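Residue strings, one per chain:
Protein chains: 4
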Amino acid sequence: MDVAIVGASGYAGGELIRLLMTHPEAEVTVATSRALEGRPVTDQHPHLRGYTDCVFTNPAAGDIEADFAFLAVPHTAAMNYVSPLLERGIRVVDLSADYRLPRDVYERIYGVSHTDWFEAPYGLPEISREGVKNARFVSNPGCFPTGATLAAAPLAPHAAHVIYDSKTGVSGAGDNPSATTHYPNVADGINPYKWTSHRHLAEMKQELARLGSTAACYFTPHLVPVNRGILTTAHILLDEPMGQEEVEALYREFYRGEYFVRLQRPMLSAVRGSNFCDIAVESEGSRVVAVSAIDNLVKGAAGQAIQNMNIMCGYAENAGLTVPPCLP
Amino acid sequence: MDVAIVGASGYAGGELIRLLMTHPEAEVTVATSRALEGRPVTDQHPHLRGYTDCVFTNPAAGDIEADFAFLAVPHTAAMNYVSPLLERGIRVVDLSADYRLPRDVYERIYGVSHTDWFEAPYGLPEISREGVKNARFVSNPGCFPTGATLAAAPLAPHAAHVIYDSKTGVSGAGDNPSATTHYPNVADGINPYKWTSHRHLAEMKQELARLGSTAACYFTPHLVPVNRGILTTAHILLDEPMGQEEVEALYREFYRGEYFVRLQRPMLSAVRGSNFCDIAVESEGSRVVAVSAIDNLVKGAAGQAIQNMNIMCGYAENAGLTVPPCLP
Amino acid sequence: MDVAIVGASGYAGGELIRLLMTHPEAEVTVATSRALEGRPVTDQHPHLRGYTDCVFTNPAAGDIEADFAFLAVPHTAAMNYVSPLLERGIRVVDLSADYRLPRDVYERIYGVSHTDWFEAPYGLPEISREGVKNARFVSNPGCFPTGATLAAAPLAPHAAHVIYDSKTGVSGAGDNPSATTHYPNVADGINPYKWTSHRHLAEMKQELARLGSTAACYFTPHLVPVNRGILTTAHILLDEPMGQEEVEALYREFYRGEYFVRLQRPMLSAVRGSNFCDIAVESEGSRVVAVSAIDNLVKGAAGQAIQNMNIMCGYAENAGLTVPPCLP
Amino acid sequence: MDVAIVGASGYAGGELIRLLMTHPEAEVTVATSRALEGRPVTDQHPHLRGYTDCVFTNPAAGDIEADFAFLAVPHTAAMNYVSPLLERGIRVVDLSADYRLPRDVYERIYGVSHTDWFEAPYGLPEISREGVKNARFVSNPGCFPTGATLAAAPLAPHAAHVIYDSKTGVSGAGDNPSATTHYPNVADGINPYKWTSHRHLAEMKQELARLGSTAACYFTPHLVPVNRGILTTAHILLDEPMGQEEVEALYREFYRGEYFVRLQRPMLSAVRGSNFCDIAVESEGSRVVAVSAIDNLVKGAAGQAIQNMNIMCGYAENAGLTVPPCLP
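Going down the list, the sequences are from chains A, B, C and D.
Quick note, the first sequence lines up with residues 1 to 328 if you use this note's numbering.
Quick note, the second sequence lines up with residues 1001 to 1328 if you use this note's numbering.
Quick note, the third sequence lines up with residues 2001 to 2328 if you use this note's numbering.
Quick note, the fourth sequence lines up with residues 3001 to 3328 if you use this note's numbering.
Hints were generated in silico from the structure; no laboratory data involved.
As the structure is a prediction and not an experimental result, all values here were calculated from the model.
Glycine is no exception: its CB is placed at the ideal position from the N, C-alpha and C atoms.
Be aware that a few hints might be false.
[What the hints assert, rightly or not] A partial selection of chain C residues facing chain D, derived with a Cβ cut-off under 7 Å:
hint, residue
1, Leu2048
2, Pro2059
3, Lys2167
4, Pro2192
5, Lys2194
6, Thr2196
7, Ser2269
8, Pro2328
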């Protein structure tokens, strides 16, 4: 299957290329970049030198030739690609925020008008796999909502308050330099940002609701001196106290058979480069601490997008996603 | 004034020596270490080369000669020094946990018997300065309770639930190598530990109660790839919603005139090496996020101990603590 | 082919297991550890959870059952395994220092007596591939000599002085905590060690001589705040000045057809997790700066060992070593 | 004495303000910034909150009122300030490169025309203190030349080849974000740059010559994942072999009585925030490894500038520079 990556110069684009190298059915044949048109992909992604001769191109949306496309462009850019691609029979996963939320919520939170809205399945397979099957278009979740929702999901119906305190590596800010990502501003620091107003909160609330929760939901992200990974500490205040064994049983049952969820002590290094989400829980009765670790660029972006592609296309769900993580 | 530092080889001991270098009234004349007896202090603290000719000694508790003593030894060791020192007229600040809690709470949480218990003022001056004045013995707070309590204090009477999510630098684990502090286990990771059972929780509850709070109190610490500093994100669920201005006014009022509390965006690098606690707050109505940044070895240990000494001795409260922090 | 890993609990052992997961012909059937006997391999290597049910065993050297064995135990331990394994028809790659040097040099530098010495091919395939072919036993090079030798090799016959200034990540020190690897002693520092006396110098001199060089050879390693990777800056003072184009042509020619050597700007992140050695050179006439980047645990240990196994067994030289590196 | 800092918004400017806080004779009364005119200094330097009410101004060169001025602006900008300040009786230390080199060398290397050149004393006091005394204008050395020259100076007359392999923290690149300083491009990496062509090489050669050396001089800098500090490994090939004791004696003699040079194992953390240069040496006969550690923003910039001011003004040479460094 020929795959196009629209917006292939950034971190998520690079990860799509890297991961698809080991996919038995898919091959990247189109990698687009406005700024780098004509340059070899390996100039931007030097780790892939020797793996691909691909050159960045800059086709119009209607000129992209492929069986499948990933949109790894910013929100508001993605909405220009979806219909042109679908109309030509190309299935699509969109990694941007453009189709994750109801139109009104999206327009309010992102402060823009949507020019091509329709409802799309939300591709967090461990929560809503059925919607993804046979879909021709899937919206890929945000990095924070992925780790947060998977941490809290089994307790969603039992929670009164869910507070997500997340710690994200700097690759989540993209490859564009800014004061936020300037090394001396990051190293030796822990920087909370958008303490109560991060855009991903809406997705988190949406997913808790989908899971039958009526809990109040809060979210504070922190930028931490780490390249990759999101660790989410979910502080869950329960309606009724639950003991450790009961909680553990709930998680085991909820995630039974899920290849990408491993119930073990979450360490960023143990999931690095992989599509795993490692989760553990500890109950003190009225509060449960549930912690998840993901690689923000993989389970939080490119890897989950490929997982969705696999489900959409009927491949093994872990095709191209079986390479073991690399620790330390 | 001659000062003895009992347990001067560790990080807190080293910080006491460093900070007292700039104190106008105090001079370190005794620095004890069992393991390093006879060796120059600067072998262990090479940054201080050129500042002191002091040599580690190992006197019995009853043989220490000084006007003032800091105990920077582990809990259970400290309790052997207090009475012998006080009996000889030496005033004392204990940096260990031995006198921070009621006896029964201490014995239960630390799992040991106290052999010389009595009640001591808890030296968090911004909360309970009166008790410190004229005291001959003060118990210095734990590093986490200092940052956490200062973050939440103004809202204590209005809180229903207080969740402290703390991120600590590795110097908090001391200078003794272990798997926990092994570089590859720390770098590129964010490691929660004692998710619901950290010993400092009891101090946090005690201080909230002292402030008139009936809130449920929770605490989860994380080890982060930073040398120095604790950032505490206090998620405070209020009894009644409060707006941003009202909350800010509360903090301004509460900390008016406090030299060591600065109400500005907390950054670990902006307090590094200093006794400051930088705090900011953001309200979303029912939840307030209050974040504090301290240097765990200074306001969380040695600096606060000197602050207590200054209050006990009638010196300017910031004597020896005026050197500006160093950023980046 | 059944593979035994003797000493499978450390970083190199873990990497052998990780990399062999993707090898088409080899399967790890024995993983030994004295300290962890009876425990699942994934307790020690949690990133591999879900990939293997292997349990650590502790067989005597004469009881190991396999077609091929890797020795990932410390020097002096390895020499007890080689003959017993070879006698039973098991081919071996030794990752320790026990067979890298002539007996007298080894005994002098390592300060021990060798109890079972014989000559073994030195498995740096890009330099001496022929010796490895059809061998039943190969000695795997040290991490520093691998990166250093590959950086300087094309210029070896033209050099008067070769000074290797190497910067190594902390995983090179193993997984055993010590003051050297204590996080606060590593972070924010650059620590030279064994400035003129590192044991790997002898290997470096041996390889320069093998390449026909009569240059004086010097080596100073530095521990740097990085988990993985060795960057070696080779300062090469030439017998006769050479221009940039001439030097580049020499390198291109020397490494033509080498899968694992890529002539591009060396970045640790671009080789991380992989068996690549990225090299670039810059001439200023009388001095050439040649810099190489390797992953110390892969090309510097486990990956090169598998590369040697592949050559010994007639597999594709990059079998099990084709997974792309992961950046950032 | 009233002090003006021209270009006070960057790291060097911030350090000048921080360090002068503890100076007994000097007070910062003017802090200029084009971009931040009208804003409080503490908005840009939040660690100094509570220490100063100073507001950034943007006066013309001829309107600056002060007794002494530091120029912490980029090269080519500094040359516009010197004469106007000197003409009005204001003594000056220039931290830029504009007056460090002979005019022709400067113009060739920096690729610009000098519009106001004259000869100025080079302010590396340990090497050429006499020239600084009573000067009204001093050119402050570059960060790399400071650490490198101090490392090699005592051996300068005995050296045949001097190779400086330097490792610099990221604050040396300034506070302006760029791809070079983007966190994911720095963390977990060691990045050599300008391998043979860094502009500071000319200063290094000039200082070796001043010290009576005829050695060939080479320099390769590396950016390392550290905020502050430069560690320079000087590989010195001698004309004639020298033993360890002889070399050590040479260094002790050369630096006898120098307050800011400490002969001990160089660690970046042991000099952080201070004006010290820690140096140690190890001889292997024909090669000596001499390693220096400085804080690039202090001894490599602001601290040395204050040291020069002190000498120019007849203050104690260490006035304002006695605060102990902060480790870890």
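To see whether the hints hold, each was checked on the structure:
1. Given the 7 Å rule on beta carbons, the hint for Leu2048 (chain C) is violated: about 21 Å separates it from the nearest Cβ of chain D.
2. With 7 Å as the threshold, the beta carbon of Pro2059 (chain C) stays out of range of chain D, its nearest partner Cβ sitting at about 37 Å, so the hint is violated.
3. For Lys2167 (chain C), the shortest C-beta to C-beta distance to chain D is roughly 5 Å, which falls under 7 Å, so the interface hint holds.
4. Proximity of Pro2192 (chain C) to chain D holds as hinted, the smallest CB-CB distance being about 6 Å (cut-off 7 Å).
5. Taking 7 Å as the C-beta cut-off, the interface hint given for Lys2194 (chain C) is violated, the closest approach to chain D being about 9 Å.
6. Residue-level restraint check for Thr2196 (chain C) holds (minimum Cβ-Cβ distance to chain D is 4 Å; threshold 7 Å).
7. This hint holds: Ser2269 (chain C) has a C-beta 6 Å from the nearest C-beta of chain D, less than the 7 Å allowed.
8. Because the closest C-beta pair between Pro2328 (chain C) and chain D is about 4 Å apart, less than 7 Å, the hint holds.
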